[in-house]
Amino acid sequence: MEWEAVIGLEIHAQLATKSKIFSGASTAFGAEPNTQACAVDLALPGTLPVFNEEALRMAVKFGLAVDAEIGRKSVFDRKNYFYPDLPKGYQTSQLFHPIVGVGHIDITLEDGSEKRIGVTRAHLEEDAGKSIHDEFPGMSGIDLNRAGTPLLEIVSEPDMRSAEEAVAYVRKIHSIVTSLGICDGNMAEGSFRCDCNVSVRLKGEEEFGTRTETKNINSFRFIEKAIIGEIERQIDLLEDGGRVVQETRLYDADKDETRSMRSKEEANDYRYFPCPDLLPIEIDDSYIDAVRDSLPELPDARKARFIEEYKLSDYDAMVLSGDRNLADYFETVAKAANDAKLAANWVMGELSKLLNQNDTDIKDSPVSAEQLGGLLERIKDNTISGKIAKQVFEVMWNEGGTADEIIEAKGLKQVTDSGAIEKIVDDVIANSGPQVEQYINAEPDKRGKMIGFFMGQVMKASQGKANPGQVQGVLKKKLDALV
Amino acid sequence: MFDKTLAELAQGLKSGDFSSVELTQAYLNRIKAEDEKYNSYITVTEEQALAQAKAADEAIAAGTAGAFTGLPFAHKDIFCTQGVRTSCASKMLDNFISPYNATVVEKFNAAGGVMLGKTNMDEFAMGSSNESSFYGAAKNPWNTECVPGGSSGGSAAAVAAQLAPAATGTDTGGSIRQPAALCGITGLKPTYGRVSRFGMIAFASSLDQGGPMTKTAEDAAMMLNVMAGFDKHDSTSVDRAVPDYTADLNKPLDGLKIGLPKEFFMDDLDSEIAERTQAAIKEFEKLGATVKEVSLPNTALSIPAYYIIAPAEASSNLSRFDGVRYGYRCENPVDLEDLYKRSRGEGFGAEVKRRIMIGAYALSEGFYDAYYNKAQQIRRLIRDDFAKVLSEVDVIMGPTTPHPAFKIGEKTSDPVAMYMEDIFTISLNLAGLPGMSVPCGTVNGLPTGLQIIGDYFAEQKLLNVAHQFQLATDWHTQSPQGI
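Chains as they are written, first to last, in our numbering: chain A, 1375 to 1857; chain B, 84 to 566.
Here chain B stands alone, though its shape is the one from the complex (with noise of 0.2 Å):
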């Protein structure tokens, strides 16, 4: 049972197989038993989810369930979640109990979904291998001495060694689509604005981008119609149309134009996950996809310009952390400035307090010109990067990450060894584009993924082209030894 698909659980339910609290209830049972080799759930929602699972069951009894009706699945501890902990990882909101629902929460307790639990992160989302989490790194379940990547490291362990059969997780510089490449399930970061950022707790405003971690690319299309959408709580959503995202995903992909950048195959790639990426690149000419190479000739400007725009925005968006109102607060603060340095001292990471203090820096009086303007510029080339190239082809490919997932503890010193980990996921984030990373391989028994980006909006398209991929291959269906 808990290698069935979203698709395939939804089937099940709807032919009465077994119900959503047997379900819900089974997948709670393994959580019990096999997390603690994980770490992937930071809190688990037993009583919550049975309740959500019973209701579900009646609304499959009735007749009035949705396509989601009564499918598990684990929010990402970032989105809030009314009356239960949102701790994003940090020990500044271990106390927090959020009063409100993330709208994201709001669209899966509509559409009938029932939340296990919230899933380990990196602390306010920041880091790429999970290690930063408050408490404690989540484990890839392909080798538990590795990272599953980050920030939704949790999500995608959770969903590798299956004790959630999809969750939500969060893209500000890769996010999504490097832990689900790192623990070989599928990711998809929307372009900005299509999912409502309202009660997902911002890291960096202009970049962060909710979105589905799952199994499969037909999954992730199940996922994406319940979470997409304009939300009028959130200014930079956008209001367009939602079309349904399950129904292109069989489309042939007869004269699909692919464009390989060359700066994405450059010599510090990992040989062997170039290996791979080309083979994937092989199936979709079989599939009757043309490619060819381009050029994003700014690639290697994304890295410096992500950590001056996410650090400058995060500087701020992490201001309101004060220790006044919520969350943690020091000890016995003798005045107003011992409250403020020592809650936030001692309530925030060293990664997180990292990147307060370079954004402050790059927005300081008399050097916001030359950081904070001029990593505007650039992101501006890379979007004109991308529009270039995406006006000759339909879709770019590549590999998601350089490395294979590597070993808890290996980069934590060598935090820009750290940064580079995302420098081929990053760019889009600056360029607001969507983007997938699907499995295609395995390297010394660690997976690989396949990025494949679109153009603003083109999510259906992407669904379509890994979903044949899919069906061409079955990397996306291996699971970890023992799992």
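Chain A extracted, bound-state conformation (with noise of 0.2 Å):
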């Protein structure tokens, strides 16, 4: 038997707005709680909702950027249920008319293949508050900071059969809404996070199996290990004659497993029907057309124009156009260096491995663009090697300062004063009495590889400060004038 996973995601992104969809509380992270919960958050009587139209722009930034139907009349409806960080006992969402319908997004999969999934809807809708269980014994505590932060939440079609597939689509995304500077995709602080419906079929099958829903997950990874594992439970199950049961699921990221939150026969009813406090959202031509001309580059447009403009290798361009703010760096690195490929280089390795390490977000970096680009003017004009700039990156790292500065400080400044060059090289080639004997009786062509090894040993005498170019220059003629 073959099985076949069928998968489709709600993920939910935090919109940037200064302000809560529907107050003029601060949507920033961090606050002390309930300091950022004003009248209208804490659902006081009387208190009514005003729509934030920032959010709006921004949901119809995503619709567009997804290539999606606009909807230019859409509803907010109340979804009704108790929990004690659900201030009104209702969240106010876009059940029957989105802002967002039908559009798709392309993904590109690790074997170079590109994959077409469906965007079924995108709406708005408020953030709850948090319940915090473990603070005060006896008792649970309420934060409702985040009780109305703008929600978009972006529905797939469950159009992809792995997780690899579905690991892609979020990353996609992920890629577009940060470009569009709509979500800052910070999804340790749950800015981003993905619900993951499930299910196997056998292969060949019409019929869709019966799904469970793994909620909250806010990382690449995790998304992956959630499905690969909540595949294996359901054709495991299936295959021990058993039947998945229809629930919502959580995954436990320290044990990387799923496990049971509730079923669907104990699910509410929501009772949804439209706000009466906030009237329809009505948009027409020209207020999309304004949208779509403040649109920003889209990752894929700016992949391709990495490609066309810079010479960059398809790798290499989808990944600095897949974060905005990456592909923003690299470009003012690009340029400052004028050599893309150089940039490229350095931004996906010296700098992309401090960050992995540090767990530094690109927005974060210690060393700014600007910085990283005037380093690597200095091994374009050879005021150092590639070797010294990698020390010079690690102290700029560090401890801050421009390129410049450090070289100075330092005194890694590159040798190119050809006198001081030749003087090492005599003493190189002095000291290496048996290498010298060697190289003078190679073969011709065997002898420029040989000269390796004095320019190790002269770039190890002048503490790697000697001009790379120089060196060989004066290293062969000195050698070939000994054969």
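Warning: the hint list may mix true and false statements.
Covered stretches of chain A (chain B as the covering partner; in silico rule of three or more C-beta atoms under 8 Å from a C-beta of chain B) [claimed, not checked]:
1) 1412 to 1422
2) 1448 to 1456
Result set (BS3-like, lysine-lysine): computed pairs, CA atoms no more than 30 Å apart in a straight line [said to hold, decoys possible]:
3) A/K1787 / A/K1839
4) A/K1504 / B/K174
5) A/K1447 / B/K457
6) A/K1453 / B/K174
7) A/K1546 / A/K1447
8) A/K1589 / A/K1489
9) A/K1453 / B/K375
10) A/K1447 / B/K315
11) B/K315 / A/K1453
12) A/K1504 / B/K315
13) A/K1504 / B/K436
14) B/K436 / A/K1453
15) A/K1504 / B/K424
16) B/K424 / A/K1453
17) A/K1589 / B/K424
18) A/K1392 / B/K424
19) A/K1447 / B/K436
I should point out that these hints are in silico values taken from the structure, not numbers from a laboratory.
These figures come from a predicted structure and were not determined experimentally.
By construction, the Cβ of each residue, glycine as well, lies at the ideal position given by its N, Cα and C atoms.
Put the complex together from the two separate chains, hints included.
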């Protein structure tokens, strides 16, 4: 029996508005509990919501970016249920008339193939607050700072057939929302989280199997692991003659497994109806056109431009265009250094290595694009070698400063004085009798390779500062003179 | 002094016959002495009233006074008043001190008005008799064995008993006009969206509208001048210029076209009320108006449609009263569910619970189309009926209520009979139209009201028509015996 997974995803992207979707309170993360919850967020009697139009603009941007129908008339509905961190007793959402209708994106898989994934819809809604269960013995705390933060819920078609496809889809949506500047994409803070609907069926079957929904997964790696685990669990269950129960599951990252949260039978009847406190949002073509005109370059277009303009490889272009901040960073470095390939190598190499090691986002990189660009300029103009540049870069990362300041302070400037270089070369040749002997006796076409040993010695003697090109020339001239 | 209208009191303040402090103190003394008979106030705000009166006197002395400066009045206890208990006549909010002011309250404060206190009402404005108040029923000053009507029964009783020269009310299905009719005062429900709902505790958001309850149409115009206007905190308030509502009061009624809906004069109408209404119409003919019969064929559907839509919205609006953040919380809840069930079970009265259950049922899965959507369709039919008639006539007239005030306790065991009392008023709320009730006689010593209905934003016209009627008649100047 060959099984096939069917995966559909619901992504909640927190929109990067300054204030909440229906109140003027700030959306900033990490404030003291309940200090960013105003009368509206607390659902005091008599308070009313006022829609933040910035959230609309952002949602429309997303809709245009995934080539979707934009709802000319979208309506907020109330989803009624009781929960202590849901202050009104209902969540304001869009069920019947969402702002973004049917669209699609194309994902690239590891083997280079492309696949189109349908976006069913995307709608605006408000986030709930947070319940805190472990800080007060016998009681629960409620923090309503997050209550009313605008969310765009992006619902996919069940078009994905593997964890790899699902992760590629999530990464692509992540790259789109961050490129648009409508979401900070911070998964650890919950700004971008994902619910995974997974079912399995025998390959060739038309009908979908019974699905489970795994909620609120907040890293790409966890999404992948949760889906792989859930597919395996369902297949094992079915192969043992059992059946999959439609239910909501939670992913436990520590144990790397999903577990049941509640079954569909216990599900609420949400009693949706149009929110009478909010007017339908009506937008016309001129509004949509104005938003379209304001769209920044999207990841796909940027990738194509990177290949065309900077002659980057397909892979480099994809990596560098995937995150708006990374792409901006790269382009700043490339312009400063006037060498895109060098910039790409550094951004994807040294910089990414340190960012990963320190678990730092590109936005928070201690080395700015301008600093790195300045460093690469010094490689280009032979002030320092690539090897010295790595030392300078580490100093930059740890202590700050411009390339020139660090080179100056640490005395790392490349030696280009031909007299000085000749002196070092002479010393090395004088102290390397056996190797010089070998060189002289070697076949002429083997000598090129043998020069490497002398290069190493000269660079070592110069503490890496001698200009390698110059050293090479001088060495060759002097050694050949001995032949 | 207590029989003076707002207009007369304003004149008295202006010419220095008395100060606002004297006037306010006189009313406070009278409330203290008399209100135990009527139970029209839930909270009397003596200290605050005297402070406001003092400030008003200073403004008058300084020459900075406006038209409303120094005038005492009362707020229905549905409007949030900062630092003052705002109970909505419910045990649920008996302990709720609002931390903010409703927009209407802010407007009266800014205009220099003096709030005497907060008036009694049906719990959460759900009722036509004031009997559902947690603080006990308010009594009709014309016969204290009778109800004053509801839900703004406390406001109506206070004005009729001369315990306030005017009061605010709110009208969801007749809650200003019906008690005004039953207590022999003037009440105006403005067009939906004319008066801000921010800070007015929601019963049914798409129907609720605040308005004035006064001795005369002229006073209602003065009140509406303060209350009306766009509010950026209420998305359903209408951004439209506010005229001076006193400006057109004296326009002659020559050529006024009055429509009498035949559905308002059916068999179940009290014959004496029918007579009083016809007599009032005759007065208008004397003033130069022409009268024709019109038809509002869907009038009978307004009650069932209303009792789907209003409870549906209420069931959701009242979800925020959950015992978590403010208001009543049950003793020693054992868990979250117990906290919800007992806080709400103990905090809400029978009528409120009945409507929450009706509303939750109407919105539940499988019933939504049959009930809520159907009711919304009826709502459109009712709106269309009015639009058709109002394209042929200037105003529509009829009785405000089918019966005069009934005995306390008479209809409490038969909720549907109680609901039927709103048959003539409810359809306006469904259509969003403005309507007034003015006194037009008495039946067995109990007042009866004439309802005047106009087109959207035709409040000036309604006030003009009512004022001309009051110049020609003296029903509005009659007081209950002993007052």
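Okay, the hints, checked on the actual structure:
1. 1412 to 1422: As far as the segment 1412 to 1422 of chain A goes, the hint holds, because 8 residues have Cβ atoms under 8 Å from chain B.
2. 1448 to 1456: holds (count 3)
3. A/K1787 / A/K1839: holds (6 Å)
4. A/K1504 / B/K174: holds (28 Å)
5. A/K1447 / B/K457: Satisfied, since the Cα-Cα distance of roughly 21 Å is no more than 30 Å.
6. A/K1453 / B/K174: Measuring from Cα to Cα gives roughly 27 Å; hence the hint holds.
7. A/K1546 / A/K1447: holds (28 Å)
8. A/K1589 / A/K1489: holds (25 Å)
9. A/K1453 / B/K375: Violated: A/K1453 and B/K375 sit about 47 Å apart, past 30 Å.
10. A/K1447 / B/K315: OK: A/K1447 and B/K315 at ~21 Å, within 30 Å.
11. B/K315 / A/K1453: holds (25 Å)
12. A/K1504 / B/K315: holds (29 Å)
13. A/K1504 / B/K436: holds (29 Å)
14. B/K436 / A/K1453: Given that 30 Å is the threshold and the Cα spacing comes to 20 Å, the pair holds.
15. A/K1504 / B/K424: Holds, at about 22 Å.
16. B/K424 / A/K1453: This hinted pair holds, its Cα atoms lying about 20 Å apart.
17. A/K1589 / B/K424: Holds, at about 28 Å.
18. A/K1392 / B/K424: The given pair, whose Cα atoms are some 37 Å apart, is violated under the 30 Å limit.
19. A/K1447 / B/K436: violated (35 Å)
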